[in-house]
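Protein sequences, first through last, are from chains P and Z. Under my numbering, the first residue of the first sequence carries the number 8, and numbering increases by one thereafter. Under my numbering, the first residue of the second sequence carries the number 1054, and numbering increases by one thereafter.
Because the hints were derived from the structure by calculation, they are not lab data. Don't be surprised by glycine CBs; every beta carbon is placed ideally from N, CA and C. Keep in mind that a hint or two might mislead.
As the list claims (entries may be wrong) - Below, simulated DMTMM-like cross-link-like pairs (lysine to aspartate or glutamate); rule was C-alpha separation at most 20 Å, straight line:
no.: 1; chain 1: Z; residue 1: Lys1056; chain 2: P; residue 2: Glu31
no.: 2; chain 1: P; residue 1: Lys47; chain 2: Z; residue 2: Glu1058
no.: 3; chain 1: P; residue 1: Lys47; chain 2: Z; residue 2: Glu1068
no.: 4; chain 1: P; residue 1: Lys78; chain 2: P; residue 2: Asp108
no.: 5; chain 1: Z; residue 1: Lys1152; chain 2: P; residue 2: Asp45
no.: 6; chain 1: P; residue 1: Lys26; chain 2: P; residue 2: Asp108
no.: 7; chain 1: P; residue 1: Lys48; chain 2: Z; residue 2: Glu1068
no.: 8; chain 1: P; residue 1: Lys51; chain 2: P; residue 2: Glu89
no.: 9; chain 1: P; residue 1: Lys78; chain 2: Z; residue 2: Glu1105
no.: 10; chain 1: Z; residue 1: Lys1162; chain 2: Z; residue 2: Glu1068
no.: 11; chain 1: Z; residue 1: Lys1152; chain 2: P; residue 2: Glu89
no.: 12; chain 1: Z; residue 1: Lys1152; chain 2: Z; residue 2: Glu1113
no.: 13; chain 1: Z; residue 1: Lys1070; chain 2: Z; residue 2: Glu1107
Said to hold, decoys possible - Output of the computed footprint for chain P on chain Z, the stretches with three or more beta carbons under 8 Å from beta carbons of chain P:
no.: 14; region: 1056–1066
no.: 15; region: 1155–1163
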Amino acid sequence: DTAVSQTPKYLVTQMGNDKSIKCEQNLGHDTMYWYKQDSKKFLKIMFSYNNKELIINETVPNRFSPKSPDKAHLNLHINSLELGDSAVYFCASSQDAGVADTQYFGPGTRLTVL
Amino acid sequence: SQKIEQNSEALNIQEGKTATLTCNYTNYSPAYLQWYRQDPGRGPVFLLLIRENEKEKRKERLKVTFDTTLKQSLFHITASQPADSATYLCALDASGTYKYIFGTGTRLKVLA
Chain P
8 DTAVSQTPKY LVTQMGNDKS IKCEQNLGHD TMYWYKQDSK KFLKIMFSYN
58 NKELIINETV PNRFSPKSPD KAHLNLHINS LELGDSAVYF CASSQDAGVA
108 DTQYFGPGTR LTVL
Chain Z
1054 SQKIEQNSEA LNIQEGKTAT LTCNYTNYSP AYLQWYRQDP GRGPVFLLLI
1104 RENEKEKRKE RLKVTFDTTL KQSLFHITAS QPADSATYLC ALDASGTYKY
1154 IFGTGTRLKV LA
């Protein structure tokens, strides 16, 4: 059973397009996250939702919009894609939003913008 | 400015030896520090969490230390095996927030 799943695994698209990445967790966790890992392997948090409420919103262009339809899902929609958006995007979840909570990561979505 | 630094160079060690990875931080006061393993093409996997009032934490062949005076955590893998080859990330909580800040990771290669 996959704990945290993401689709698609690979996404290749042209500049200016709009795309979405979906994430689902079957762990019963209350908190979900989106991270971006760039080419230098730096993993940076973008957003976090706890019980469908946004609790972390880092300095991310407003072209990025997360949506949490329920506790088990957190999707990421990106408008007007730019070359600099190319990266691996990881979804993660944790039992709660506490800093002692372990995060479980999905397999990642490699986004390539041409 | 706030920084988390891990050995940027890859670390190569011989099978059976102890690997020691460092995580140094500046201008943070974390209450918790975590270590993750990341294999190529996969997401990070949690290994250990250590609290600021714990000096050391062990799990099987893994040991983590946390020195809040030196602002440093050390991650040890004893009796290393080729299967331990991966990138290891440290992460600390940005105090007063819900988030963890990750280091850039150290790539470990254990040679048979």
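Numbers of unmet hints, in rising order: 1, 3, 6, 7, 9, 11, 12, 13, 14
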